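Peer 1: Fit chain to chain and form the complex, with the hints in mind.
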Amino acid sequence: MSQILTMVAQRLALGLLTLIAVSLIIFLAVELLPGDLAEAILGQAALPETVAAFRRELRLDLPPHERYIEWLGAMMQGDMGRSLANNREISELIGVRFGNTLFLAAYAAIIAVPLALFLGILAALYRNSLYDRAINVVTLSSISSPEFFVAYILIAWLANTLGWFPSISNVHEGTGLLERLYRTALPAMTMTLVVVAHMMRMTRASIINLLASPYIEMANLKGLSRMRVIVHHALPNAWAPIINVIVLNLAFLIVGVVVVEVVFVYPGLGQLLIDSVSKRDVPVVQASCLIFAVTYILLNLTADVLAILTNPRLMHPK
Amino acid sequence: MSTNHTAPEEREILVEMRGLRIEGQSEDQWNEIVHGVDVTLRRGEVLGLIGESGAGKSTIGLASMAFARPGCRISGGTVMFDGMDLTAMPESEKRKLRGTRIAYVAQSAAASFNPAHRLIDQYSEMPVQHGVLDRATSESDAVDLFRRLKLPDPETIGFRYPHQVSGGQLQRAMTAMAMSCKPDLIIFDEPTTALDVTTQIEVLAAIRDVVEQFDTAAMYITHDLAVVAQMADRIMVLRHGNLVEEGNARAMLANPREEYTRQLLSVRSFQKATAGDATQAPLLKVEGVTASYGSGPKVLDDVSIEIGHARTVAVVGESGSGKSTLARVITGLLPLSDGSVSYKGEVLPPRLKDRERGQLRTMQMIYQMPDTALNPKQRIREIIGRPLSFYLDMTGSKREERTRELLSLIELEPDDYIDRLPGELSGGQKQRICIARALAAEPELIICDEVTSALDQLVAEEVLKLLQRLQDDLRVSYMFITHDLATVRAIADDVVVMLQGKVVESGPKDEVMTPPHHDYTELLLSSVPEMDPDWLTRVLEARQANA
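Going down the list, the sequences are from chains B and Z. Residues 1 to 318 in our numbering are what the first sequence spells out, letter by letter. Residues 1 to 547 in our numbering are what the second sequence spells out, letter by letter.
Here chain Z stands alone, though its shape is the one from the complex (with noise of 0.2 Å):
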């Protein structure tokens, strides 16, 4: 993306570090995360750094500051900065190069805002106190970055407060934030992980649209190659705190060296055989259903879909499009205020508790957070084992063998894991544990929460892939909340989109994914980044021919 006359490969480096270690701390013991990686970045030049949770990508970009989180420590390298040795440099002049001449955009704008102060207080605070520039000037400055950044009414949002925008316009007014001080280098640290497709293409846009304006470096960190792909000049991999591979963007794409990297590229691949039998009668049946939380407004209006037998109906939309509620409502959690929920043509009762639990049995829910779905304090054996006594009153060494059947099951070794606690479990672990749970119960119906969206993709798409098993072998249906488009490409048979609580489209898959589409299918369809670099110019032109 640099468009400077001088190639990047022949500018002046500003950042670099050479075997750099860094330690985290656990239980009053250091263990090395990042395990001597060394980082060149030259002046207007952006570099991706890829990886999954726990590459140590976030770690490193925080490195370049000279800032180590709390129970973390540079333990070995150096970091350089613009001729500056930062690593022997006391705090306080660290402190005097951070927002001035480096900068940080972080994941999610919402959190990282001071909820007490207005955006125009945050954004002038850099300057003003680092005594760049006055107050007046910095204000007059925001209110052009917010301008270049497509802000709506820039001269006035910065007075208004974070709670009061947006999740994409807070992304952009952190950006804004971060240049206020015209640094040489900026950290994104997954600035658009948070947001929805659709805004995510927008943030996406402006962040590289004023990076390029500024020439401004940047270290773009995510976990999303195809997001990269359209960011960086030059990408690193980095896993367990190594560098995996690392070269020109474009070349890498098209010809990655490594295993892992050809692992990344190709994990949008999954794709089941459309399966059950659509002609059948529906396992479930909702009709015109309607809810809404108190007396607030309508968060589900006139909504009607079906679950037919061993399908899989994927539900995708935005948050706020009333997706989860719909699977609240389904299960009893949120009484409908209108229309029906039938189940096998059988009328269920709206409240949870007057089901009866034969009812409760039959529909089972995993959720997206296996961290907070599981009691901590249980160990496997009484998570899976409580449904089993539950629903199917199993106790004693029956109960005992068919819990280490259903862990055998989700391909966990039940003589290993069958004692242990969730906190000893990896993120997929933990969300196997949960499917398991959802199994014990001998279910018809699984309502899978967003259930891969908190895992990484290589994670993410064994645990699709093992759903699509349990499918195959027991006849379940899945009704699967998504906001990922690939998720729905690789397992779903039937695809509902929704939109503001309304059903826009739904049909089979090939019918919904395929042109043509309704305005708001497309518009989603079209906003999932994809692995090709010039996706994103290609898709604002297209959208800017249209408009």
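In isolation and in its complexed conformation, chain B is listed as follows (with noise of 0.2 Å):
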């Protein structure tokens, strides 16, 4: 056991060196944009002295090196600072959007996610079936088109003809679980058919890609049904490739969905950020940055646990 606990402390050190490293990136990036931050934002007919006032507060007079760590630290402490566009606090005009953008994730991944597996089994089990050859060819065709496409196919379809749901997911603090859910369907649906045939093509591979072993030919040999053979014996064996791809796709699910936010006017943190970065109100570009870098590393790092999780070989040593 404490050797998984040491692999366990070994990533997540590496996945707090990854994060700072992230965070100079997303520092220095924006450091790099052209022209003077206090002057654009200003425009050009302000006064120098105006311009001076404002660099000041914004503390663009210190050395870069100084502020990376100041804001650094300030992040640590979850102080993320106040919009430059409206001077609200960050973590608060923040928290709002990134909760509706983890539902909507949740949402989908709830519906993916299982229908993947689902689908990705079937697939291996009827191998080279119509079936196999129908289900690759829809999941295929679907993550070839651009989400928008899907997500304006979808609205014509499910709301403009039949108007079985809202095409535009406008939800606030204050709506229900169930009308929730309602009105963010068609988001779903659109990001459920963006990722399904990445995590169930996965699923499929690398099942079949043990069905040549020595062991599967055993399970056959001992008169096992075609489901029980592929379930029992060749899936445990499948997970950690399978784990990998699902939690690639949940990190796209979260980060990945700008797009579909701005065509369903969802107010999630991808729209939160457009919206920032077109008024360059940098600090939260930068905390909106960040938190999805926390996000995408969180889940990687889930994601290397869970695959020595199935391990046996690491879960029970000699």
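Since the hints were derived computationally from the structure, they do not count as laboratory data. Owing to the predicted nature of the structure, the values given are computational and were not obtained by experimental measurement. We treat Cβ as the ideally placed atom computed from N, Cα and C, and that holds for glycine. Among these hints, one or two may not hold up.
Restricting the straight-line Cα-Cα distance to at most 27 Å, the calculated cross-link-like pairs of lysine-lysine (DSS-like) are [as the list claims (entries may be wrong)]:
1. Z:K94 / Z:K150
2. Z:K353 / Z:K298
3. Z:K465 / Z:K272
4. B:K318 / Z:K150
5. Z:K298 / Z:K502
6. Z:K285 / B:K318
7. B:K318 / Z:K502
8. Z:K344 / Z:K272
9. Z:K285 / Z:K272
Some chain B residues judged to face chain Z by a derived CB distance under 8 Å, without partners named [claimed, not checked]:
10. P214
11. G223
12. P312
Facing chain B, according to a computed beta carbon distance under 8 Å, are these residues of chain Z, among others [stated by the list, open to error]:
13. L97
14. G99
15. A106
16. Q129
17. Y161
18. S342
Peer 2: This is the structure:
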């Protein structure tokens, strides 16, 4: 067991190191934006004195490394600063938006992950059959179409023609759960269609990869049913690659949904990020990016730990 | 080995295959690999199927379960099991027979047990899934069988995962699993081939006892006639998917009718005359070498050996004894942590990258698996020509001429082979190419790491004879790593016996191979199966008397 704890601790330390590197990149990227931030925000008509005062307020007069350390220190204490656009607490601003993004991601994941596993196992079971080919074509086409295209098709069909779901997902703090699920059904479906193919194909491929193993032949020679051979003998050994792809897609559901949020006018973190970039609201951009980075790193850490937990050699050492 | 009251030939027929034809698929084309073989097996009888790779013995064994591997199909003939026609039976019915009435024991238990489940779960799966026994009964059965098969800690060993159990124990656990539904027939497909000789003898004894106790019929598939002699009542010799000879085991061993059977019987008779000069200063001297992988335990512990000019030193031992590691240290692939390796009196740098090209040239290696040792995308011309350019700066027509010379030397016609890819060669031919590649560097010492283990016995013998002829002609020295004592008898001048990273005995072959032996050498030598059908019984009795 201590061996596993050591491995987890190592992964955690590595994750932390990655996070620091990412924070540096985020900081430098904003730093490298052309032009002077204060001038850009205040416009060309601003008086030099006003610009200088604003620079002091933004602490742009300090050297970059001092600002970086100050910013990182504040971030670590949970103080994200204030928005330049409306002077609100960023943590407050982001909190609600990030909650919305997580809600939508979880909604899509709860549909997509079991669906992908189920379809993948069936495809492995009936490989090269008509079903296998059909499901491959369908999922591949959905992954190959851009998200906004899938989104507009769904809107045209399910919202406009059939009128089952609203085409705009406007939610606010007071919206109840059922109402929320109803209003976000279309973006959740769009995202499901986008991520299912990848996970399903990986499930199918990693199971089929194992079908030539001697222990699968043994399971067949024990007279077990095809379903049992696949689910009980192949799947437990196929988890590692499947988990990796699932987690990669979960990360995508949280970090990569900007376009879908924009199409459905959903108040998520992606929307906020885009708005803030256009407003040059630098502290908000930095904080959002850092939150995305943390999410990504945490999910990958989970994948690593899960991969360890599904490996009997590591769980039950000699 | 039947001790039943009725003689086997009077008992009821259990399996009857008539005119069995099996086809294999290669590149969209079906080729016949078993050409109409008849097999009859009676209740309680043990039938040995013997032949080299490609003889179709595993395929025939699996056909008795009406199972064809992916890419194979039963294309003709009938398979009757206990009066039922399996070839006409729907798949779901066949599934019900598999495991319950016909069970299978695979060659490598380590690969055939599912790594994700405990042994007891895999044992109980067949009886529970087929509805033969409930889980609790099946588990208590398992303990009983584990005990009969002489597994250590029979009560608890089932709760371990496959990777927590040794190879020999896994093979016995797999035999127990095959027995879990008390089947009428068990197919043993080379169950001891992957094991060391000292482990093999225990597994053979365990299988023989338990098959006898339950009066189970068995098909015992192997390439080793000496092994099958211990196990079978009756033997079928197969070659290229045809029956060569069939008959009572003892009668066939005493008096083989066919030339091919005679060849298989005499396969281990080749023996060299001792060569080289033992009095000269040694070519290679390994002194007090200690080595380990990373910060792990010592894999080699104070090892010293000498290799003389034009002599063959066989290094024997079980897997894990450190023989291949010794080769890695000598070639510099693994730097030693203590001691020294000297060549013609000059100490070699421990690391490969610190050695000069001349030092590298004098020592070449040949590996166990010619399939993986040759680049599948390179033609023979390039494979053999590369060391000629690298070590000897040969180019153009000179290089071409020498490549052809080397091919003639290893008895392959240059015009036929020089443009081929490794994939177009047989296993024995590939190993010959590896030999030619080693020779191209004009070395003085060739390290052969289990070079005949992956080859069929008759092919292996040809390769050994070739190596011997090359030594006589070219005066090279060999360090011959092997676990096979028959190979040692055939080719060695000196023998080094290794156990757990230490040299337990070494010296000229005649000295090491004749009594009195070191205890371990004795165990190793007495564990090598002999053609005599009573060998196993005799050895076990002798060991029991000594214990």
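Peer 1: Confirm or reject each hint.
Peer 2: Evaluation of the provided hints:
no.	hint	result
1	Z:K94 / Z:K150	violated (32 Å)
2	Z:K353 / Z:K298	holds (23 Å)
3	Z:K465 / Z:K272	holds (9 Å)
4	B:K318 / Z:K150	holds (21 Å)
5	Z:K298 / Z:K502	holds (10 Å)
6	Z:K285 / B:K318	violated (37 Å)
7	B:K318 / Z:K502	holds (24 Å)
8	Z:K344 / Z:K272	holds (26 Å)
9	Z:K285 / Z:K272	holds (24 Å)
10	P214	holds (4 Å)
11	G223	holds (3 Å)
12	P312	holds (5 Å)
13	L97	holds (7 Å)
14	G99	holds (4 Å)
15	A106	holds (6 Å)
16	Q129	holds (6 Å)
17	Y161	holds (5 Å)
18	S342	violated (38 Å)
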